[in-house]
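Chemist: Okay, so the sequence shown: first residue is 1 according to our numbering, each after it adds one.
There's no promise every hint is true.
Simulated DEER-style distance windows between Cβ atoms [said to hold, decoys possible]:
no. : residue 1 : residue 2 : range
1   : 177       : 222       : 22 to 32 Å
2   : 216       : 9         : 14 to 24 Å
3   : 254       : 139       : 37 to 47 Å
4   : 112       : 177       : 21 to 31 Å
5   : 15        : 177       : 23 to 33 Å
6   : 87        : 141       : 36 to 46 Å
7   : 225       : 125       : 17 to 27 Å
Derived by calculation from the structure, the hints in this document are not laboratory data. Note that the Cβ used here is the ideal one computed from N, Cα and C, for glycine as well.
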Amino acid sequence: MTAHAPTFDELTRTAPGEHGAAGTLPVDAHWAGFGGAHGGLMVAALGRAMEQAAGRPLRSIHADLLSGVRAGELELSAGVDRAGRTVSYASAAGRQEGALRLRATGVLGDGAGPFAAQLGFTDHALEMPPVPAPGDCPEWKAGDGPALKTVRFRPASGNLPLSGGLPEFHVWLALADDDAPLDPWRLLTLCDAPAPGLYGLVRDPFAIPTVELTAQLLPAAREPTGRWTLARMRTVSSADGWSVDDCELWDETGRPLLVSRQTRRIPA
């Protein structure tokens, strides 16, 4: 008899409690990457727990991926450190066998009032690049790793990982075997799905583990259009054994959904 594979929501959703959110999450081997569970999925679980604890929309998250999370179970907890009139600050932690594997802090807050609503704009730097629609881009097999099969990839430009080209990719992303609409948790997962920008420079893969990821969820992340999101992943710095990647996500209509930055350790 085939075991039931956990759904995305089962992998990321804890139960709200009187003093925060806590629970035991399954860590599915299908989400295994280099050295542990997919980092974006872990960040999504941390962010979702903080939102459940605070009862307000998550606006930004800073997550430290302290060590690899193995397949099995993850004890996740989150609580509110301070709750103001319109803004809350929360923190979350993930443990396996008593050892701290993940930690995060988050800023959560209510929507805009009348005055703030007048000041809304989007800088030209967050305009979606002119690329073909997802339906016009062929599916691409990213590799044989388990986590690579949990995401669908449709490259939207000619630059591909391991092509000896540029340290930047444009790719349409969607979760495989998931019919639910995009939401903040799926977006946090997908912002870590593209290959590191450095993979555009080389022809052979190597591990570049993410040790820290910061993301801001933009208002449209609560109501994106379509199942696909366009990602632009680029390495903005690589020196002294460390690299920094920036990622932006847009929905199918061109609205910006998320911006993120992650720090990666380059092996010696």
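Chemist: Residue 216 and residue 9, beta-carbon distance inside 14 to 24 Å?
Modeler: 23 Å, holds
Chemist: Please check whether residue 112 and residue 177 have a Cβ separation lying inside 21 to 31 Å.
Modeler: 36 Å, violated
Chemist: Within 37 to 47 Å: is that where the Cβ-Cβ distance between residue 254 and residue 139 falls?
Modeler: Once the Cβ atoms are compared, 22 Å apart, the range 37 to 47 Å for residue 139 and residue 254 is violated.
Chemist: With respect to the beta-carbon atoms only, verify the hint that residue 87 and residue 141 lie 36 to 46 Å apart.
Modeler: 43 Å, holds
Chemist: Measuring from beta carbon to beta carbon, are residue 177 and residue 222 in 22 to 32 Å?
Modeler: Cβ of residue 177 to Cβ of residue 222: about 23 Å, so the range 22 to 32 Å holds.
Chemist: Please check whether residue 225 and residue 125 have a Cβ separation lying inside 17 to 27 Å.
Modeler: 21 Å, holds
Chemist: Within 23 to 33 Å: is that where the Cβ-Cβ distance between residue 15 and residue 177 falls?
Modeler: Between residue 15 and residue 177, where Cβ atoms are some 24 Å apart, the hint holds.
In terms of the numbered hints stated before, the structure departs from hints 3, 4, listed from lowest to highest.
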